[in-house]
Amino acid sequence: MATHTLDTLGLKCPQPILKVAATAKELQPGDKLEVIADCHSFPEDIEAWCSRTGKTLIVCAEESDGKYKAQIQF
Amino acid sequence: MNVAISTGGKIVMSKKVAIVCNGVETKNLYPTFILASSAVASGDEVVLFFTPGAAPVLRKGELEKITAKGMPDMKELVEGVQSLGGRILLCELALEAKDMKKEELRDGVEVVGATSFMSDIHDAQITFSF
Numbered sequence: 001m002a003t004h005t006l007d008t009l010g011l012k013c014p015q016p017i018l019k020v021a022a023t024a025k026e027l028q029p030g031d032k033l034e035v036i037a038d039c040h041s042f043p044e045d046i047e048a049w050c051s052r053t054g055k056t057l058i059v060c061a062e063e064s065d066g067k068y069k070a071q072i073q074f
Numbered sequence: 001m002n003v004a005i006s007t008g009g010k011i012v013m014s015k016k017v018a019i020v021c022n023g024v025e026t027k028n029l030y031p032t033f034i035l036a037s038s039a040v041a042s043g044d045e046v047v048l049f050f051t052p053g054a055a056p057v058l059r060k061g062e063l064e065k066i067t068a069k070g071m072p073d074m075k076e077l078v079e080g081v082q083s084l085g086g087r088i089l090l091c092e093l094a095l096e097a098k099d100m101k102k103e104e105l106r107d108g109v110e111v112v113g114a115t116s117f118m119s120d121i122h123d124a125q126i127t128f129s130f
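In the order they appear, the protein sequences are chains R and W.
Following the working numbering, the numbering of the first sequence begins with 1 at its first residue and continues without gaps.
Following the working numbering, the numbering of the second sequence begins with 1 at its first residue and continues without gaps.
Simulated from the structure, these hints should not be mistaken for lab results.
Incorrect hints may have been included.
Said to hold, decoys possible - No farther apart than 25 Å at their CA atoms in a straight line, the calculated lysine-lysine pairs in the DSS-like style are these: (1) W/98 / W/60; (2) W/69 / R/19; (3) W/65 / W/75; (4) R/25 / W/15; (5) R/12 / W/75; (6) W/75 / R/19; (7) R/67 / R/19; (8) W/98 / R/12; (9) W/15 / R/67; (10) W/98 / R/19; (11) R/19 / W/27; (12) R/32 / R/19; (13) W/65 / R/19; (14) R/19 / W/15.
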């Protein structure tokens, strides 16, 4: 039930999602992943990824000046 | 073959995606690797097929040289595709047509004939050609 953090600031579509997918391989069911991103399409992309892979997107919110923070339940 | 992944009680069906790449320009390579990496990251089975026109870029170190303004890092896209199980196939006709040797190819590239590629992707639900 660990919480992991992934910083994808500066990475362009689809690299943040690639990083999420690579990190996902290391996580266990019950773990939480927090992702920081500033890619414009990130909110829609992470929603689509969670839907495709059966993960729960707890929240994805804009923090400040184009930076997003998403929490994903594994 | 499609795979049913069970995640927290939810069943998710993956798709099979086949992308043909026909050239060595950024307009051929970026769509190929951006869509391939997005698909493979979402759990799809991805097969890329490089025709002779695109073959030279599969020499070791060539894809790493590809850059374009505003575009993501090509090296990371390629590594992402391969590390998540995406396959890169090269048309066997390219070896003679482009004076290439198998030893020159980047790691993980499979040299195949058209028939085995078509057999491989006969159940693909999503196909692209760039």
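To see whether the hints hold, each was checked on the structure:
Pair hint residue 98 of chain W plus residue 60 of chain W holds up; C-alpha atoms about 15 Å apart against a cutoff of 25 Å. A hinted pair counts as satisfied when its Cα atoms are at most 25 Å apart, and residue 69 of chain W with residue 19 of chain R qualifies at roughly 21 Å. This hinted pair checks out: residue 65 of chain W and residue 75 of chain W have alpha carbons roughly 8 Å apart, not beyond 25 Å. For the hint linking residue 25 of chain R to residue 15 of chain W, the alpha-carbon distance of about 19 Å falls within 25 Å, and the restraint holds.
A threshold of 25 Å between alpha carbons decides the hint, and for residue 12 of chain R with residue 75 of chain W the separation of about 13 Å falls inside it, so the pair holds. For the hint pairing residue 75 of chain W with residue 19 of chain R, the CA-to-CA distance comes to about 13 Å; that is within 25 Å, so the pair holds. Of the supplied pair hints, the one linking residue 67 of chain R and residue 19 of chain R holds, its CA atoms being roughly 17 Å apart against a limit of 25 Å. Between residue 98 of chain W and residue 12 of chain R the CA atoms are separated by roughly 33 Å; this puts the pair beyond 25 Å, and the hint is violated.
With a C-alpha separation of about 31 Å, the suggested pair residue 15 of chain W and residue 67 of chain R falls outside the 25 Å cut-off, and the hint is violated. For a cut-off of 25 Å, the pair hint linking residue 98 of chain W to residue 19 of chain R is broken: about 35 Å separates their Cα positions. Restraint check for residue 19 of chain R and residue 27 of chain W: the C-alpha separation of about 24 Å stays at or below 25 Å, so the hint holds. For the proposed pair residue 32 of chain R and residue 19 of chain R, the alpha carbon gap of about 15 Å is at most 25 Å, so the pair holds.
About 21 Å separates the Cα atoms of residue 65 of chain W and residue 19 of chain R, which keeps this hinted pair within 25 Å; it holds. As the CA atoms of residue 19 of chain R and residue 15 of chain W are separated by approximately 20 Å, the hinted pair is consistent with the 25 Å bound.
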